[in-house]
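Residue-level listing of the chains:
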Amino acid sequence: MKAPDIFYVEDDPDYVFFMENAIQEIGDNLVLRVASDGQEAISSLKRLIDEKTVPKLILLDLNLPNISGLDILRFIREIPAMKTVPVLLFSTSDSPKDVRASIEFGANAYVTKPDGYEKLLQCIDSVQKFWFNHHLRVN
Amino acid sequence: MSTFQADLTNCDREPIQIPGKIQSHGFAVAVAQKTLIITAVSDHIGSWLPVDPDTLPGSPLSVLENLLTKHDDNLSVTQLLQLGLQRQSFDAINPHAITLAGASFYLICSLNKGTILLEFEPASLEYDIQGSVGRSASAMLGGKNLQALLHSAATEIKRIIGYDRVMIYKFLEDGHGEVIAEEKEAHLDSFYGLHYPASDIPKQARALYKLNLTRLIADVHSQDAALLANTEEPLDLTFAQLRAVSPIHIQYLKNMGVASSFSISLIAHDQLWGLVACHNYSPKYIDYKAREGAKLLGQILSSALEYRQEEEDADKVAAFKSSAAMLAAYLAKDKNLVDALTSHERTLVNCTEAHGAALLFENTVTLVGQTPAETEVLALAAWLKQNMGDSVYHTHQLPEIYRPASAFKEKAAGILSCLISRELSEMMIWFKPERISLVQWAGNPEKPAEPGPEGLMQLSPRKSFESWTQEVRNTSERWTQEEITAVLSLREIVIADINNKATAIRTLNEKLQAAYEELDTFSYTISHDLRTPITSIRTYAEMLLKTNFGLNESSRKMINRIVAGTEKMNFLIREVLNLSKVGRAEIVMTDVEMGPLIGEIAQEIKTAMKAADETIEVGATPPLRGDRTMLSQVFSNIIGNGVKYSSKNPAPRVKINGVVAGGETVYSIADNGIGIDVSYYDRVFELFKRMDNVADIDGTGVGLAIVKRIVERHQGRVWFESKLGTGTTFFVAFRNR
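Here the protein sequences line up with chains P and S, keeping their order.
Counting in the numbering used here, the first sequence runs from 1 upward without gaps.
Counting in the numbering used here, the second sequence runs from 1001 upward without gaps.
Extracted from the complex, chain P is given alone in its bound form (with noise of 0.2 angstroms):
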């Protein structure tokens, strides 16, 4: 099985639909997986480790019901086989508070979730083409 392009945890049906057109509007190559919630997050991840189908960008939502999207960055980042996964935290909150701690704990960037569709698509296109280049150029 293919590795997926982007991991994507969100627990709102709304923008997991939202992401879903936005990406493929991006490019409709891009492979997309998502999780609903913190446990089905970490399972899903380690499956894919064990498969050696580590995805190339993982977008976490911060809140998150029972297991927060820092407690999965924490999981991702005690796996050897993901340390240089890019983790995005992506979140409504635009407080200084969660920005640091989510930096603090690894994470790779911080976006806050646009709003509406039309800054969602320049948001990914951009994060798409920055890391997936960036990523490209790496290896």
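Fair warning: there could be bad hints in the mix.
[To be verified] Restraint-style ranges between C-beta atoms, simulated for each label pair: (1) S/Gly1725 <-> P/Arg100: 22 to 28 angstroms; (2) P/Asn108 <-> S/Lys1568: 42 to 48 angstroms; (3) P/Asn108 <-> S/Met1569: 30 to 36 angstroms; (4) S/Leu1519 <-> P/Glu104: 26 to 32 angstroms; (5) P/Asp125 <-> S/Asp1591: 27 to 33 angstroms; (6) P/Ser43 <-> S/Asn1552: 55 to 61 angstroms; (7) S/Leu1519 <-> P/Arg100: 21 to 27 angstroms; (8) P/Glu104 <-> S/Asn1363: 38 to 44 angstroms; (9) S/Gly1550 <-> P/Asp125: 22 to 28 angstroms; (10) P/Asn108 <-> S/Glu1617: 42 to 48 angstroms; (11) S/Asp1591 <-> P/Ser43: 54 to 60 angstroms.
In short, the hints are calculated from the structure, not lab data.
Backbone N, C-alpha and C define an ideal beta-carbon position, used for all residues, glycine too.
Place chain S on chain P using the hints.
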């Protein structure tokens, strides 16, 4: 014989216990305790016994005994004395009835410093003493209060001993005395209420009054009998019944017109409380048993005095205490401390016997009862604040210490003050008026001195007992321990109350603070939670527009309105978030260079508001002390408003200028815009309030609320001046510190 001459300088030292003489209505013989040899005899013994007095001193007691047995076979003086010496008291023997020349006599023995004194005095059997004393005691004790007790005591004593006048005389604190009860023959002038100077009864006389509870002067006009002695040491007559009277006192009584005097000591708490002073205007002799009866009444009266005085003191204390308790109850009920202490039936005045009181609390003066004027009280309080070492101060002679008090001594010659808070000058002051400015003295209390034979000023007792009025100035009734105790307990109650109320206010404050913080958190959270669904709405709307090409024009318009609506909502939410951030954020104080900051802000605003034609003039820009980010918010909001509301002016302009004035730096931001109706002055800074004339200009009504909040958190001020259609000038003032 004493050679002592009393004069002004030694009057208190006249040795009245060794006069060398006795009163002549009886005779006396002194005997050495060890040898029973006669040491002294009164020179008129020949009037009763056939003996040459000069031969007696040095003779054994048996000589006297032989003389006496000729009259009375049963008498053995020697045995009597030995019995007394054995028992170490003559109380059981006294008086020993004997017969001399067919007349009844009492022999009274006393021992003093190794000498036994035998005194012989007539017995008059006219009184049924025991019966009288019993009846009198019950009549006396029937009196309900102290005054009634004293009055009935005077009546009963007069009934028993039959003197023309019986007075009860009380020693006051400074030693002078006052007649506080009197029973007299109807034709006599009353001495009731008269005051007698302390020198009327000198110190050594008082000491004797404590040792001998009765004292009889039978006839001031009789000649004393001298004591013939064979010893150097003068005979000490301290315990003698017949002891001769000081010539000064004799003269004193004569001047008063008194022929015979009898006194009974009143002792309370081991102190000479007073005397029952009995005067007769003709010579009068009462015998030993009558005197003992009177003494017994005096003792009964003394113990009743102790008891009644304590009872009355206790009543007063109870009254003070109940007043304090009432006040405590009022304090618990009333919100206002001043009302609680001054407006009810019982006020703080009732905690003492004062006639008025002042309460200085929270910068107001409340006066109750008889008090000086408010301005006088304020001046007095200022003086007290400076001079009170302790929390309580009292004086009964205020005008002597504090000159201005002379002006209001009729109301406050005595004060009792009690601090509530020295820092705040809060205190309670009680006032007692100048005590009856008049004292009725029995004659001029200054004993006139007369030149003696050698030109020395010699004491002579005053001659006139016409009541003599002296004005005692600047003095009130004294403050008692009970009053001070009551005041201190009231102070505790008041301070506890103040502390309770302060705690209540502090608690309220803390609750308010908590509520405020909660509101901040709430607005922060709610804005946050609102954001997500609004974003969804907008995103769906935009997706609809983007993906459904079949939509007609009117549907597209509607969807666009949805997008605009969410845009506006988001803006509002951001503003509310900003406001709550201002409340939550910590202030980091620095000195902020305002020139560059204002320049940046002006540029940003021009760009953001697309107001290229706006003139922003920046004058002086003194630095401000504050939180850089917050200061920047203040200026962007006010300058932003200036630009926004002047945009319709053909030559829009905003002028910014700062001045340093009196510990503050004040910036003015003036525009030439549409202006604000000043009748809505207060609403300008309220959240979500927008003026009527700005309906077509974008805004949320949050900006100035943020400005106000920031300025308040900096302990600064913000205000504005405006004229509709001409422009508005906002001012912000920050402390320089």
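TODO: Compare the structure with the hints numbered earlier in the document and write down the numbers of the violated ones, lowest to highest.
DONE: 1, 2, 5, 6, 8
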